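Student: Next come the chains, spelled out residue by residue.
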Amino acid sequence: MAIFEGYDPGGFHDEMFAGSGEVRPYCAPLLNKMDNLSEREFLDRKAASELYFVRQGITFNVYHDNRGMERIFPFDPVPRVIPANEWELLEAGLTQRIIALNLFLHDIYHDQQILKDGVIPRHYIENAKHYRPEFRGVDVPADIYIHICGSDMIKGKDGTYYVLEDNGRCPSGASYLLENRNALKRAFPDIFHTLGVRPVDSYPRDLLNMLHHISPRREADPVCVLLTPGCYNSAYFEHCYLAREMGIEIVEGKDLVVKDNFVYMRTTHGLVRVDVIYRRIDDDFIDPTVFRKDSVLGVPGLMNAYRAGHVALANAVGTGVADDKVTYYFVPRMIEYYLGQKPILPNVPTYLASEEADLKFILGHLPELVVKAANESGGYGMLMGPSATKEEIEVFREKIIADPRNYIAQPVVSLSRCPTWCDGAIEGRHIDLRPYIIYGDEVKIVPGGLTRVALTKGSLVVNSSQGGGSKDTWVLR
Amino acid sequence: MLSRVANTLYWMVRNVERADNLSRLIDVNQQLLLDFESLDSERLRGFWAPIIQSLGEEEAFETLYDEPGSSQVIRFLSDDTRNPNSIASCIAQARENARTIRDQLSDELWEELNSLYLFTRSTEASFLIESNPPKYYESIRRGAATFLGVAASTMARNEAWEFIDIGRQLERADKTTRFLDITSYLPKTAEDEITSPGILHWTAILRSCGAMGAFRSDQREISARGVVDFLIFSPEFPRSIRFCIERLDASLHKVSGTPRGTFSNESERIAGKLLADINFSSTDDVFKEGLHGYLDGLQTKFNAIGAEIFETYVLLPERVTEAPPEPERVKSAVAGWQFEQQQQQRNKAQP
Numbered sequence: 001m002a003i004f005e006g007y008d009p010g011g012f013h014d015e016m017f018a019g020s021g022e023v024r025p026y027c028a029p030l031l032n033k034m035d036n037l038s039e040r041e042f043l044d045r046k047a048a049s050e051l052y053f054v055r056q057g058i059t060f061n062v063y064h065d066n067r068g069m070e071r072i073f074p075f076d077p078v079p080r081v082i083p084a085n086e087w088e089l090l091e092a093g094l095t096q097r098i099i100a101l102n103l104f105l106h107d108i109y110h111d112q113q114i115l116k117d118g119v120i121p122r123h124y125i126e127n128a129k130h131y132r133p134e135f136r137g138v139d140v141p142a143d144i145y146i147h148i149c150g151s152d153m154i155k156g157k158d159g160t161y162y163v164l165e166d167n168g169r170c171p172s173g174a175s176y177l178l179e180n181r182n183a184l185k186r187a188f189p190d191i192f193h194t195l196g197v198r199p200v201d202s203y204p205r206d207l208l209n210m211l212h213h214i215s216p217r218r219e220a221d222p223v224c225v226l227l228t229p230g231c232y233n234s235a236y237f238e239h240c241y242l243a244r245e246m247g248i249e250i251v252e253g254k255d256l257v258v259k260d261n262f263v264y265m266r267t268t269h270g271l272v273r274v275d276v277i278y279r280r281i282d283d284d285f286i287d288p289t290v291f292r293k294d295s296v297l298g299v300p301g302l303m304n305a306y307r308a309g310h311v312a313l314a315n316a317v318g319t320g321v322a323d324d325k326v327t328y329y330f331v332p333r334m335i336e337y338y339l340g341q342k343p344i345l346p347n348v349p350t351y352l353a354s355e356e357a358d359l360k361f362i363l364g365h366l367p368e369l370v371v372k373a374a375n376e377s378g379g380y381g382m383l384m385g386p387s388a389t390k391e392e393i394e395v396f397r398e399k400i401i402a403d404p405r406n407y408i409a410q411p412v413v414s415l416s417r418c419p420t421w422c423d424g425a426i427e428g429r430h431i432d433l434r435p436y437i438i439y440g441d442e443v444k445i446v447p448g449g450l451t452r453v454a455l456t457k458g459s460l461v462v463n464s465s466q467g468g469g470s471k472d473t474w475v476l477r
Numbered sequence: 001m002l003s004r005v006a007n008t009l010y011w012m013v014r015n016v017e018r019a020d021n022l023s024r025l026i027d028v029n030q031q032l033l034l035d036f037e038s039l040d041s042e043r044l045r046g047f048w049a050p051i052i053q054s055l056g057e058e059e060a061f062e063t064l065y066d067e068p069g070s071s072q073v074i075r076f077l078s079d080d081t082r083n084p085n086s087i088a089s090c091i092a093q094a095r096e097n098a099r100t101i102r103d104q105l106s107d108e109l110w111e112e113l114n115s116l117y118l119f120t121r122s123t124e125a126s127f128l129i130e131s132n133p134p135k136y137y138e139s140i141r142r143g144a145a146t147f148l149g150v151a152a153s154t155m156a157r158n159e160a161w162e163f164i165d166i167g168r169q170l171e172r173a174d175k176t177t178r179f180l181d182i183t184s185y186l187p188k189t190a191e192d193e194i195t196s197p198g199i200l201h202w203t204a205i206l207r208s209c210g211a212m213g214a215f216r217s218d219q220r221e222i223s224a225r226g227v228v229d230f231l232i233f234s235p236e237f238p239r240s241i242r243f244c245i246e247r248l249d250a251s252l253h254k255v256s257g258t259p260r261g262t263f264s265n266e267s268e269r270i271a272g273k274l275l276a277d278i279n280f281s282s283t284d285d286v287f288k289e290g291l292h293g294y295l296d297g298l299q300t301k302f303n304a305i306g307a308e309i310f311e312t313y314v315l316l317p318e319r320v321t322e323a324p325p326e327p328e329r330v331k332s333a334v335a336g337w338q339f340e341q342q343q344q345q346r347n348k349a350q351p
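Those sequence lines, one after another, are chains A and B.
Okay, so the first sequence: first residue is 1 according to this note's numbering, each after it adds one.
Okay, so the second sequence: first residue is 1 according to this note's numbering, each after it adds one.
Treat each hint with caution, since some may be false.
Said to hold, decoys possible - A few chain A residues that don't get close to chain B, going by computed Cβ distances all over 10 Å: (1) Asp284; (2) His365; (3) Glu391; (4) Gln410.
Claimed, not checked - FRET-style restraints, in silico, Cβ to Cβ: (5) A:Asn233 - B:Ala152: 26 to 34 Å; (6) B:Met155 - A:Asn233: 20 to 28 Å; (7) A:Asp201 - B:Thr258: 57 to 65 Å; (8) A:Cys422 - B:Glu340: 39 to 47 Å; (9) B:Ala156 - A:Asn233: 39 to 47 Å; (10) A:Glu391 - B:Arg82: 44 to 52 Å; (11) B:Gly257 - A:Val54: 37 to 45 Å; (12) B:Arg260 - A:Arg218: 39 to 47 Å; (13) A:Asn209 - B:Ser264: 20 to 28 Å; (14) A:Asn233 - B:Lys288: 51 to 59 Å; (15) A:Ala357 - B:Glu340: 22 to 30 Å; (16) B:Ala152 - A:Ile72: 26 to 34 Å.
These are calculated hints, taken from the structure and not from any lab test.
As the structure is a prediction and not an experimental result, all values here were calculated from the model.
Glycine residues also receive a C-beta, built at the ideal position from the N, C-alpha and C atoms.
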């Protein structure tokens, strides 16, 4: 029996089928190949790709498991296909967005023109949890703040792409994007040949070029390192993977020392000066002399070296203010303000609980809305109105009233679905997309991204911490 | 290379090598038991106690077990995770070492160690220890040998490799002294010193080192003198102490770039001096000093070399003190390292 037989798009926007049973033309070759596989053959290939993940140890750490077993990030072998014209749109829109966000960050850490002109109310920025007033007036290399951005994209019912949020601190997942491709190449080498799928393997090179670009030391080959919180961090696999692919050292806080405002790493042959740090530690933990005093993960004195311009950080300090969901609300305005352009990619319609009219609307429509805390990620601190119980809704009502600055609300967007193997059959599951945007001497976006899929039937929550998995993402030539 | 990485590579291999040597030791002695006609519990104690003693583990063993019978000793040394120096613990520690520096290892190397680890944690492994111990130990040895083989064929011969080799040679030399030292703890009988420990014991020691074939082709008769000579002084056998220290000395000099025969740090000085001493000693010197005392002296020097390597390459004391204006935090990083070092070392206390 063909595995796609009886597949039902179910009235959602489906990435593979235009109407019921009508395959999108650019997906036809993929469907043909896959549908010709017997279920047995399909499962064999799925198992082959999973074995690849286990053997490579591409896993999440599971804390406090005394058998020491780690979990693999669930991987669905049916890829998500993005045609060339859609990708062009995404590329243009995301480029526009990261440029505007960087101009915004430079502005609010310098002249604050956008606040003076009243385009964004001052209090929203100055009260943002991750705004770092102590870095006002500090110049960062090449004036770039967000060097790596993972903006989450969703596709609505009519096929329109929306930006759901921007991750401008330490977005993770790029290693899964790369390994998903490796795994799928092993599982379906024959499908790959014919479709014109754009390769993704330039990512580590683009990342390294960007790190070189922001080096404060021009006269020598810059020494770049990746700073990790250590091997117990859930993204440690990714840290190792990227460091190795770039051929740079992966360091922990204790490997670095600051001396006369320069950063050095301790090596077997003495101290070696470090020029660029791709840090995968949040601001809060990066320097215990400035931020959290109790942090043992960071490097004391690092912020002084950074202020002195002796070391570059990617991403810069203070970018968290751009992750704030209230700031997100203003990104389309930033694009118009700084670039004089219309935003190419729309935001999801958003209500700010701290605006009186919006608050009234939110409180009146809680069962229809998604409410999000302004500074949470990973699917935490969320209310999914339509599926919430009365009690949950009331709890959120209290929270919103108590601290409106910390909440936004959005209508439920019916995310597009993609055919996904679900324990015995192919069924539609909701997906999103996290492309990785690198901003160095130019903006580079690796064609594809991490497609996350909500494996639970009907669920709209794709986060890996909430039972999500991932898919390979094919951008066609 | 990063100091932390050097330290971790060194311990990763020491742990694998330690597990390998333990599995040889237990396997051989378990089979040796089969050659004795009848063993009451007193004699069993007399059989296993020296092995535990030579490893410096009496205290740890006694806190965990009442009776030094075969099955207790085997559990203690094989898959008891409460014993940080059991085979299973060593492999787990090595795998943890490897995990923290995965970016430095080839995929194949990681996979090998990971699968050895998964084996030690499997029900298959505990079943084998009960039902077919030789097969269990064979799997450990095979895994360790494959690990070292994959390392040899996939790692560049750079500094990382030298640190791996340093860890391996040091652990190997140390274990050879401990195998030989078992004889010092055997109960003395009325017979003369050379026959007790008897041929069977000397044979077991050779087999623990995988040295039977090599020994036979070199010397014909198994005797105390012959075995001691071979396992300490052979310039060719890869588990002899001389061979290990020769390689160790070469690797230390490759790391520092100092010509051999000279030294630039304490580890090189002690290793060089020890090598010269071994090169110019004979079995007579060993027996004159007494085998146990001689082996004890070697172990002390191995420990000193290990400690000096740590001082020189990991702690960098002089460079750290001249470094940053955050003395407390630097102290805590150093303290952290020392703590880790002690964790790794903790059951290497000298008998």
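Student: Which of the listed hints are not met by the structure?
Tutor: 7, 9, 13 and 15
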